[in-house]
Every structure is written in structure tokens, then in C-alpha cells.
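Line by line, the protein sequences give chains A and B.
Here the numbering used here = 1-based position in the first sequence + 1074.
Here the numbering used here = 1-based position in the second sequence + 1074.
Check the hints yourself; a few may be wrong.
Claimed, not checked - Straight-line C-alpha distance at most 20 Å; calculated SDA-like pairs for lysine to any residue:
| no. | chain 1 | residue 1 | chain 2 | residue 2 |
| --- | --- | --- | --- | --- |
| 1 | A | Lys-1081 | B | Lys-1081 |
| 2 | A | Lys-1081 | B | Val-1232 |
| 3 | B | Lys-1252 | B | Arg-1214 |
| 4 | B | Lys-1081 | A | Gly-1297 |
| 5 | B | Lys-1081 | B | Lys-1252 |
To be verified - Now the in silico label distances, taken between C-beta atoms and shown as ranges:
| no. | chain 1 | residue 1 | chain 2 | residue 2 | range |
| --- | --- | --- | --- | --- | --- |
| 6 | A | Gly-1163 | B | Gly-1194 | 51 to 59 Å |
| 7 | A | Asp-1132 | B | Asp-1078 | 52 to 60 Å |
| 8 | A | Gln-1307 | B | Lys-1079 | 32 to 40 Å |
| 9 | B | Gln-1234 | A | Thr-1223 | 46 to 54 Å |
| 10 | A | Asp-1263 | B | Pro-1215 | 44 to 52 Å |
| 11 | B | Lys-1080 | A | Gly-1297 | 36 to 44 Å |
| 12 | A | Phe-1278 | B | His-1276 | 32 to 40 Å |
| 13 | B | Gly-1194 | A | Gly-1259 | 54 to 62 Å |
Derived by calculation from the structure, the hints in this document are not laboratory data.
Ideal Cβ placement from N, Cα and C applies to all residues, glycine included.
There are 2 protein chains.
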Amino acid sequence: MNTDKKKAVVLLSGGLDSATVLAVARSQGFAAYCLSFGYGQRHAVELEAARRVAEAQDAARHLVLSIGLDAIGGSALTDAIAVPKAQAGTPPAPGIPVTYVPARNTIFLSYALAWAEVLGTGDIFIGVNALDYSGYPDCRPDYIQAFETMANTATKAVVQGQVRVRIHAPLIDLTKAKIIELGAGLGVDYGLTHSCYDPPAHGFACGRCDSCRLRQRGFAEAGLTDPIRYWPQ
Amino acid sequence: MNTDKKKAVVLLSGGLDSATVLAVARSQGFAAYCLSFGYGQRHAVELEAARRVAEAQDAARHLVLSIGLDAIGGSALTDAIAVPKAQAGTPPAPGIPVTYVPARNTIFLSYALAWAEVLGTGDIFIGVNALDYSGYPDCRPDYIQAFETMANTATKAVVQGQVRVRIHAPLIDLTKAKIIELGAGLGVDYGLTHSCYDPPAHGFACGRCDSCRLRQRGFAEAGLTDPIRYWPQ
């Protein structure tokens, strides 16, 4: 690890998108300080994936915070609400699904902002994308821009002119297929990643939730083979 | 409790300012959903004060979240850094002090935004003030406005037009003395509140940290007696 590298905080869920973003950050010369959250999500197995991905991509550090969003509730990912499923190949239903978690990216980016300040950097990477994005409002360019503007009023480091906050969202305009092509070109091992909202058994993805179906369609459109294991349909 | 009342999330630290804000919210007809955080702060006794204040002011609910900011660090309030002290009556040193916690209000407001969405409201109250404010950047009007703008792009409830987020900061232009006069007029029992950054013993305030000295000056200027106990100097 070259300690002279510029630092960036990379939000790392352990999914396909954030694994790609980590590779993008490293390809741009950043030392990656990866940040993951245990927030009462059903799919806590994604934290194991985050650890694998951070290690495989030589993260400078990986911090996992427990933040108890389940006490607030309001989502199928944290509450006892069924995750919607459909046959493989079916596009997601229109509208914002019940897997939406209230203010999740705002909370995640706020912690990233705090850690970035402690690390002495303003660079934060997040793997949102506005095309194949499941309809979440906090994945849109307007939102990311508004967060960046707010962050540039919020901290001591900003007010004192030491850093300028920049929210890097390099996937925001890409389809899932393009994301996979980008990551594959950067050597991402997608076999280490985890996307399923509701895994039927350890080591298997369901293949039927929105997240699995978007992932499968992306690999198909990219003409690549998805290396993870899906539960037999 | 009249369940037809409009709801508001009130950030409640257990200090003088947030106890006053809670009274303001209730005086405006809101049912108050109080939100407090255990964030690894030295002065965790403030959570006891928050519970007392919420109960005394008939909060509709009081949610305390443990959010482990100490894992991020960067502040005398969470790390093993000495809290600055001075003789009673000394004004705070200029500049942003070491008690600054990176991105604290951004993190607190983000959770409030999440809870407000689950409760079906956009009204959030916070006790920041920009005059006697210890120099924290996330207590300024520009910051509060930028957070509100960001929040109005961030959530499902906003995007679907169900609510508009409003960050109420009714103390932002007031001196500490004016805040105390306001709260006293609304019947706030300041004997239940806690302000000290570094209490020397249970039930006592140090009288020498910035927070104690601002509080003492406020009571003196308001011509009122501070009902809490200070450690003999």
C-alpha cells in the first residue's frame, strides 16, 4: 500500500455495483477506504461478500458499522414484509418497490462524509445508477448533486477550505450490462459479490427478486456468464 | 394523546436547546416523535436527560438509536481527546473546537428524515443556533437550507408528492438568553436538561467546558436562575 495515494471512501454493499465502483476508484489511483453497514437487513450475508470484495481488491481499510435501521423500519429489507418475487426474465414492476429503505443512501453518505473528514479527504464513491435502479429516489442524479451541495456546507474541513466534497457516482448513467462490462474490464471477480434480497440458502441467490433479475438480465445483455449460484427454479 | 395531531420528528439531545425546541413544536400543535442517539459520546448521561425531558413534555414517542460514531472518531466528544475547559465567565476560544463531531447533524437529520418518512410526515425540528453555537458549521442557516433542499429529492414520500420536508430550526437566530426566555415562557423545566460535555460526577455539570459556560451566560443574561447543579469551582 502506497501511503502517498489520495484517499477515497467507497460505499461497499458487497453487491455487483459497489464492487465495480471500488475497482473504478482504484483505477483512478485512490486508496480505497471501504464502508459497509449492518442495518438490520435480511440479506446480512452481503456483509460477508463486502469483506471478500474489499480483501480481493486490496482496500486500504474496511469499516463495518452497525446502525440499526430496523428500529426505524418501513422496508421489506428490514421488516417482516415479503420481498416481491417473479419469474426470471420478468422486468421489475413499475414504481418504487417495498424494498425501498427510507433515506438509506442519505444515511450511508452521511457516515461516508464523517469518515472522509476524519481521513482528510472529500472523495466519496457510491454505486448508484439511475437506469436499472429499481426506482429508488436516492439513486437519481438530482439527489446526488443535492447531497454534494449540502455536504459542501456541512463540515469543518469544508468550511476551513481543506477539502471539497465530491460524490463520485461513476455508474449513474450506465445500464447493468455496461456496469458488468466495465467491471469485467477492470478485473472484478463477480463471483465474490452478492445481489439477492432474499437468499433461499447460504451460497445461493433466489433468481426471482428484482435484484437477481436485474443482475441476470445484465449478464445476459453483456454476453457474460454470471459466476454466482442460483437456486434451481 | 390526540392521534389526529400532525406529527413531527424532534431531535432531542437532552440539552437546553432541544428541550426548548420540543416545547416549540408542541406549542405549534405537533405530536412530538423524539429521536435521540447514543453515539459513543462521553456525556452519555445526556440520554437520561433526554428521557426525562421527553416524558415531562408528553412526547408521543421517544426513540433512542445506538449509532456508534466512535468507530469513526475525530472528536473530543467520542475519542480520548481532552475537552477544553476555562474559568466560568470566559468566552469560548475562536474557531471550531475539538468537540466538533464530523458530520454529526447530517447523520442525525438523515435518521430523522428516515423516521419522518415512516411516520408519514415531513416536519423535522432541530435545536441548532447560529449565534452561541460553539462555531460548528452544521449549525448555520446555509447548512440547514441545503439539507432541506437535499431531503426534498431523497425520499419516496417526497418524490410521490405525499410530503414536503421542512427542517424547522426555530432557535437559529436566537441568543442563548433568548432561547431560555422562550423555553421558560413555554414552561420548560430546565432542571431536567443536561448541557455539560464532561460531567465531573453524576448529577453535576463541570461549569468550565464551552457548553456549560454558554449556558451559564445565557441564564445570567436572561436574569434567571439555572436549576442544575454545578461542581464547586
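Against the structure, the hints:
1. Distance check on the hinted pair: A:Lys-1081 and B:Lys-1081 sit about 42 Å apart at the alpha-carbon level, beyond 20 Å; violated.
2. For the proposed pair A:Lys-1081 and B:Val-1232, the alpha carbon gap of about 34 Å is over 20 Å, so the pair is violated.
3. This hinted pair checks out: B:Lys-1252 and B:Arg-1214 have alpha carbons roughly 17 Å apart, not beyond 20 Å.
4. Taking the CA atoms of B:Lys-1081 and A:Gly-1297, the gap is near 51 Å; set against the 20 Å cutoff, the hint is violated.
5. Proximity of B:Lys-1081 to B:Lys-1252 is assessed by CA-CA distance (about 26 Å); at most 20 Å being required, the pair is judged violated.
6. Remark: the range hint 51 to 59 Å for A:Gly-1163 to B:Gly-1194 is contradicted by a beta-carbon distance near 36 Å.
7. For the pair A:Asp-1132 and B:Asp-1078, the beta carbons lie near 57 Å from each other, so the given range of 52 to 60 Å is met.
8. Here the CB-CB span from A:Gln-1307 to B:Lys-1079 is close to 50 Å, at odds with the stated 32 to 40 Å.
9. At about 23 Å, the CB distance of B:Gln-1234 to A:Thr-1223 disagrees with the hint of 46 to 54 Å.
10. Between A:Asp-1263 and B:Pro-1215, the C-beta spacing of about 48 Å keeps the proposed range 44 to 52 Å intact.
11. The hint said 36 to 44 Å for the Cβ distance between B:Lys-1080 and A:Gly-1297, and at roughly 54 Å that hint is violated.
12. For A:Phe-1278 and B:His-1276, the Cβ-Cβ distance of about 52 Å falls outside the hinted range of 32 to 40 Å, so the restraint is violated.
13. Range check, B:Gly-1194 to A:Gly-1259: Cβ separation about 45 Å, and the 54 to 62 Å hint is violated.
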